[in-house]
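Undergrad: As they're listed, the protein sequences go chains A and B. Per our numbering, the very first residue in the first sequence carries number 58; after that it's consecutive. Per our numbering, the very first residue in the second sequence carries number 160; after that it's consecutive.
Hints are all accurate, no fakes.
Derived contacts from chain B toward chain A, CB cut-off under 10 angstroms, selection only:
{"#": "1", "residue": "211"}
{"#": "2", "residue": "213"}
{"#": "3", "residue": "234"}
{"#": "4", "residue": "238"}
{"#": "5", "residue": "242"}
{"#": "6", "residue": "250"}
{"#": "7", "residue": "253"}
{"#": "8", "residue": "258"}
{"#": "9", "residue": "259"}
{"#": "10", "residue": "260"}
{"#": "11", "residue": "284"}
{"#": "12", "residue": "300"}
The set of hints was computed from the structure by calculation and includes no laboratory data. All residues carry an ideal CB built from backbone N, CA and C; glycine is no exception.
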Amino acid sequence: MMRRLLSVFHARNLEFLRDRGTLVFTLLLPVMLVIGMGFVFGGPQRPLFKVAVLGAAADAHAHPFLAERYVQFVSLPHEDEALRKLTHQQVDLLVDFTGPTRYWVNTDSPKGYVVERLLLAAEPGARREPVAGKALRYLDWLFPGILGMNMMFSCLFGVGYVVLRYRKSGFLKRLHATPLTAFEFLSAQVLSRLSLILFVTLVLYIGIGTIIGFHSAGNPLLLALLAVLGALSMIALGLTIAARFSSDELVGGLLNVLTWPMMLLSGIWFSLEGSPRWVQRVAHVFPLTHLLDAARAVMLDGAGLAQIAPDLLYLALTTLVFLAFGAWSFRWRIE
Amino acid sequence: MSTALLEVRDLVKRYPATTAVDGVSFSVREGICFGLLGPNGAGKTTTVEIMEGILPPTAGEVRYRGEPLGARFREEAGILFQKTALQDFLTVRQCVALFRGLYAHGLEVDEVLRICALEKLAEREARKLSGGQQQRLLLGIALVNDPAVLFLDEPTTGLDPQARRNFWELVQSIKARRKTIILTTHYMEEAELLCDCVAIMDRGRIIAQGAPHRLLTQHFAEVLLELPRQDFPEAARSLPLKLFDTSDRVEITTHDLEGTLRSLLAAQVPLTHLRIRPPNLEDLFLELTGKELRP
Chain A
58 MMRRLLSVFH
68 ARNLEFLRDR
78 GTLVFTLLLP
88 VMLVIGMGFV
98 FGGPQRPLFK
108 VAVLGAAADA
118 HAHPFLAERY
128 VQFVSLPHED
138 EALRKLTHQQ
148 VDLLVDFTGP
158 TRYWVNTDSP
168 KGYVVERLLL
178 AAEPGARREP
188 VAGKALRYLD
198 WLFPGILGMN
208 MMFSCLFGVG
218 YVVLRYRKSG
228 FLKRLHATPL
238 TAFEFLSAQV
248 LSRLSLILFV
258 TLVLYIGIGT
268 IIGFHSAGNP
278 LLLALLAVLG
288 ALSMIALGLT
298 IAARFSSDEL
308 VGGLLNVLTW
318 PMMLLSGIWF
328 SLEGSPRWVQ
338 RVAHVFPLTH
348 LLDAARAVML
358 DGAGLAQIAP
368 DLLYLALTTL
378 VFLAFGAWSF
388 RWRIE
Chain B
160 MSTALLEVRD
170 LVKRYPATTA
180 VDGVSFSVRE
190 GICFGLLGPN
200 GAGKTTTVEI
210 MEGILPPTAG
220 EVRYRGEPLG
230 ARFREEAGIL
240 FQKTALQDFL
250 TVRQCVALFR
260 GLYAHGLEVD
270 EVLRICALEK
280 LAEREARKLS
290 GGQQQRLLLG
300 IALVNDPAVL
310 FLDEPTTGLD
320 PQARRNFWEL
330 VQSIKARRKT
340 IILTTHYMEE
350 AELLCDCVAI
360 MDRGRIIAQG
370 APHRLLTQHF
380 AEVLLELPRQ
390 DFPEAARSLP
400 LKLFDTSDRV
410 EITTHDLEGT
420 LRSLLAAQVP
430 LTHLRIRPPN
440 LEDLFLELTG
450 KELRP
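Chain A extracted, bound-state conformation (with noise of 0.2 angstroms):
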């Protein structure tokens, strides 16, 4: 069994090296989102300051912080919404006017020391609360987006495609005309496709990590297996796709009906924090939120397995709920 699976897998991988196009672009799409990325997030930091004020809008008059210029006023009605978002340095400074004012800033924080002596000239008598956390910038946030999405293209396009390519022309019928088993056939092509995924987001998490730099607190061989196991499911999700169909209008529209929804709904670009509770519970069907979410507790907030052992339980069981759907309903031949 292992040397059949073996001999599809190395032919596999020998077509994919050998197609010079595909393989540029599959290196290259990594190496041009680092490079893009630099460009937006590399560069020096908007002079602008973020204060977050806990509840309602205070009155202005009342408060002469209020009117400082060049100080971004947000209003955040929780206190451990605002709390976690000055830990992670997307506001730098937390001020409370609903009763003798407070604030809270982190000491970490160059932009929250400057700014915490503004408050200070303009309201000498405010309480001040200190929280530690890193630095953190919306690259760090967006980083394991990015890393997620290319996975999820690689891994449906990649392998859906590439099934459906040998099932129209007849490599299929050939293969199953020889002792190996559509397990066989499947494994191999999950495996293939697994190996050039994880070179490639190696690749994508230390050229990123050389060039710009990020944030990432946690264990590096517990996100290598939510890597493995994130893949994983969405390989195993395009082959339900391609089991199969054979028709090219088809296969891409189901895989566009599948990947739209994951790129606006899992939180690649933005966090659903806020959006209506049915479109936090769809985007929960998707591999990739679990994967995104364990990704970020990983690298933000330094997440350890018994946390994010959740999101691999699902991104494991999805992987069996797809394969065993894909060996299923696979055909070799056109129908």
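Following the hints, put chain B in place on chain A, whose structure we already have.
TA: For chain B alone, coordinates are given in the frame of chain A:
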């Protein structure tokens, strides 16, 4: 007497709009080349794909060495489909190696390349081969497991005459190794040259079966005369002769060659382009069905 390697019993394959195979039975002895002949749409490929285990039959069964088709059959069968694409970007050697890796036992890759005269093409990408070279590669792939039974489905369709002859030589060399071969073709010349036994199919049924020379002697005690159509005057059609019109010629079947020639001369039919030949399987198909094999 050799035992049957493959037995086909009461095979039926129905599709919603048509019955492709309609109660076909035959057996194939070990070590022979068995031909399934017939025009396009006769049911040859459907029959052979059911025999290969690729298509499920609607009814009937195929047995290999007395057993239903199973793992042993897959290990011991070599198959060349009518149309097969291989993976892009792989060389000839890598294509052969891929399929060799799918079998527990078989020939060395170099041995396969040698048998199919592919040594000089071993490092060339498979998709860049000519039609004849590709068929040789697909034959090589069918041989990687040193099969006991080799299925060749219309293997020379679309090849030029030279490539076709080269392929026939290859098949003859494989036949000499005592392999059992199942060949489907609509080239009667190919069947007569390679097959020890043939089954002629039409509309999903077998209409004649046996050794080619025996079938011909059974059905023909006659010779065939062929004349170009333009050389055959309308007046000559009233002669008491057994005539058949093809697209470009008139065929006359007769027991009495001398008498027929005398009648033609008397009717002033020009005989400059006359051809006299023994009947072949194509004529047999015509005799049995009243239609040409390749209209």
